[in-house]
Amino acid sequence: MVSNFIMQALRGEDINVYGEGQQTRSFCFCDELVDGFIRFMNNTEDSFLGPMNLGNPAEFTILELAKLIIELTGSKSKIIHQDLPKDDPTQRQPDITLAKEKIGWDPKITLREDLVKTIKYLAKLIENEK
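According to the numbering used here, the sequence shown is numbered sequentially starting from 753.
In case anyone wonders, no lab produced these hints; they're calculated from the structure. Hints may contain errors.
Said to hold, decoys possible - Pair by pair, the computed Cβ-Cβ distance ranges are: (1) Asn768 to Phe800: 36 to 46 Å; (2) Pro846 to Gln774: 18 to 28 Å; (3) Glu797 to Asp766: 47 to 57 Å.
To be verified - With a straight-line cut-off of 25 Å between C-alpha atoms, the simulated SDA-like cross-links for lysine to any residue are: (4) Lys860 to Arg791; (5) Lys860 to Leu785; (6) Lys854 to Asn805; (7) Lys828 to Ala875; (8) Lys819 to Ile831; (9) Lys819 to Leu762; (10) Lys819 to Asn756; (11) Lys819 to Thr870; (12) Lys828 to Tyr770; (13) Lys860 to Val754; (14) Lys830 to Glu816; (15) Lys872 to Leu824; (16) Lys854 to Pro803; (17) Lys869 to Trp857; (18) Lys819 to Ile832; (19) Lys819 to Asn768; (20) Lys869 to Ile848; (21) Lys828 to Ser755; (22) Lys852 to Arg864; (23) Lys819 to Gly807.
Every residue gets a Cβ at the ideal spot worked out from N, C-alpha and C, and that includes glycine.
With the hints as constraints, model all of the structure from the sequences given.
Here is the structure:
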């Protein structure tokens with residue numbers, strides 16, 4: 753969804769949001785997620801083998817995400833609301849208590865920082881398409 757929204761905004765296309773966009777999600781920068789995986793794999797505590805949630809517990813609505821992407825890209829895209837799928841969860845938020853306790857992992861990169869980096873990367877891909 754993040755890359756779709758960014759690509760739509762960079763191309764000046766409307767951004768499709770399902771329902772009113774009030775369902776929440778949490779977003780974790782891939783570099784931090786990989787760091788969490790590595791820390792978990794290197795865990796030497798024999799008494800703890802998992803499972804463990806990794807992710808960013810900070811929640812944002814889909815509508816907040818779309819608006820932030822439009823702001824950061826400087827796009828003129830409009831948000832178009834479409835029918836909400838029946839099976840679309842209203843909330844997704846990982847409990848990372850074990851990650852903090854067992855491997856000392858806690859994501860630090862904010863959604864805004866993550867989006868700036870991702871927008872820069874995807875903008876280069878679009879430029880290379882031309």
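Do the hints match the structure? See the list:
1. Asn768 to Phe800: 36 to 46 Å: holds, 42 Å
2. Pro846 to Gln774: 18 to 28 Å: With a Cβ separation near 20 Å, Pro846 and Gln774 satisfy 18 to 28 Å, so the hint holds.
3. Glu797 to Asp766: 47 to 57 Å: holds, 49 Å
4. Lys860 to Arg791: holds, 15 Å
5. Lys860 to Leu785: Roughly 11 Å separates the two Cα atoms, so the pair holds.
6. Lys854 to Asn805: holds, 11 Å
7. Lys828 to Ala875: The hint holds at about 16 Å.
8. Lys819 to Ile831: Between Lys819 and Ile831 the Cα gap is close to 8 Å, so the pair holds against 25 Å.
9. Lys819 to Leu762: holds, 13 Å
10. Lys819 to Asn756: With a Cα-Cα distance of about 14 Å, the restraint between Lys819 and Asn756 holds, given a limit of 25 Å.
11. Lys819 to Thr870: Since the Cα atoms of Lys819 and Thr870 sit roughly 16 Å apart, the hinted pair holds (cutoff 25 Å).
12. Lys828 to Tyr770: Given pair Lys828, Tyr770 holds - Cα atoms ~19 Å apart, limit 25 Å.
13. Lys860 to Val754: holds, 19 Å
14. Lys830 to Glu816: Distance of about 13 Å is within 25 Å: holds.
15. Lys872 to Leu824: holds, 10 Å
16. Lys854 to Pro803: holds, 11 Å
17. Lys869 to Trp857: Answer holds: Lys869 to Trp857 is near 21 Å, not above 25 Å.
18. Lys819 to Ile832: holds, 12 Å
19. Lys819 to Asn768: Holds - the C-alpha atoms of Asn768 and Lys819 are around 12 Å apart, at most 25 Å.
20. Lys869 to Ile848: holds, 24 Å
21. Lys828 to Ser755: The hint holds at about 17 Å.
22. Lys852 to Arg864: holds, 23 Å
23. Lys819 to Gly807: Satisfied, since the Cα-Cα distance of roughly 22 Å is no more than 25 Å.
The structure agrees with every numbered hint stated previously.
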